[in-house]
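Counting in my numbering, the sequence shown tops out at residue 291, every number present.
Derived by calculation from the structure, the hints in this document are not laboratory data. Possibly wrong hints are sitting among the right ones.
To be verified - Pairwise CB distance ranges (calculated):
hint, residue 1, residue 2, range
1, ASN75, GLY103, 13 to 23 Å
2, ASN102, ILE40, 47 to 57 Å
3, THR112, THR136, 12 to 22 Å
4, LYS226, CYS178, 34 to 44 Å
5, ILE108, GLY56, 16 to 26 Å
6, ASP107, GLN166, 24 to 34 Å
7, PHE220, ASP48, 51 to 61 Å
8, ARG223, ASP51, 36 to 46 Å
9, THR149, ILE40, 36 to 46 Å
10, ASP107, LEU181, 31 to 41 Å
As the structure is a prediction and not an experimental result, all values here were calculated from the model. Beta carbons are placed, not taken as given, at the ideal position from N, Cα and C, and that holds for glycine.
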Amino acid sequence: MSKEQDNKKPWAKWLAIVAIGLITISLISFTNSMDDIEDLVDPGENNSGIIGPNSNKEIDLENNRIYTILRIVENINDEAELDLEITNSNGKIVDIDEPTWMQPQRTGDGGSVIYDPIGTISLTQSGAYNFENRNSTTTIYVVDDQSVDLQAFQQPGILVAFISCCFGLIILPLSLIVHLLVGRKKVEQRVILQKMPTDRIPTTDELFLIREGKLDTQNIQGVKQKKTIPPPFTNMSKKVDFDELSHQEIGKTKKILHKEDEKENDSKLDDDWQTWDSG
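Let's have the full structure, built from the sequences with the hints guiding it.
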């Protein structure tokens, strides 16, 4: 192998190792931060307000925020009733939207409590809003999802997990692209064996070593190449020319016919002389 090939660093390999390392760090950091994440997403621990059954409460909310409203249910597949009316400081009713896939069910208290989203509100004005819980059995929890996200990124473990995961997912496909580009260049630089300088045909092992750059073509010890290769029709000079043969046969036939005509003419002359003598 040449010095230039030794000096070349396998960038694709190192990039893949770095990417896998970052993703591993992300998984470890995320696993170690599970307790902090559970506390952040637990509506009972982190909320903007709690409204008990059959009660009213004013809660100060901010504009340009999306608030999720949840109730406690017994089972995961259960859906809680809305039974809620929200009004602003002027007494105007606020529209409550249905929850989307971005507001899934949540758990709290080590997974023993299940919170089901019953609606979301998006406000254009900050101020105090009155929440009237018309349900007599369950409590309402109001959660600011954006505030929860900001608090999550302030946790060192979650921040490290997020950053390392992002860089790992970016570097991993980049390493694949570099690997494909380098592999294509190696294919273009491979030796094309049209005729070896030593006039010998390399063996399979020698071809592999030449492709890997571990063997010089001048050092091939393979099978010696034959100097001549017989043409596909080597016996053409020995074969009979059918045209010439046909001409020869025709000539022989003509000679035979000519001789037979001469014999017939001679026999006729003899007969004529005999007739004249006897006459």
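Status of each hint after checking the structure:
1. The hinted window of 13 to 23 Å between ASN75 and GLY103 holds, with their beta carbons roughly 19 Å apart.
2. Checked against the hint of 47 to 57 Å, the pair ASN102 and ILE40 passes, with Cβ atoms roughly 52 Å apart.
3. The supplied range of 12 to 22 Å is met by THR112 and THR136, whose beta-carbon atoms lie about 19 Å from each other.
4. Our hint of 34 to 44 Å for LYS226 and CYS178 holds, since their Cβ atoms are close to 41 Å apart.
5. Taking the beta carbon of each, ILE108 and GLY56 are about 21 Å apart, inside 16 to 26 Å as hinted.
6. Roughly 32 Å separates the CB atoms of ASP107 and GLN166, a value that falls within the hinted 24 to 34 Å.
7. Look at PHE220 against ASP48: about 55 Å separates their beta carbons, and that is inside 51 to 61 Å.
8. Separation of ARG223 from ASP51 is about 59 Å and departs from the stated range, judged on CB atoms against 36 to 46 Å.
9. For the hinted restraint 36 to 46 Å between THR149 and ILE40, the CB-CB distance of approximately 43 Å keeps it satisfied.
10. The given range of 31 to 41 Å is respected by ASP107 and LEU181, whose C-beta atoms sit roughly 38 Å from each other.
When held up to the earlier numbered hints, the structure conflicts with hint 8 and nothing else.
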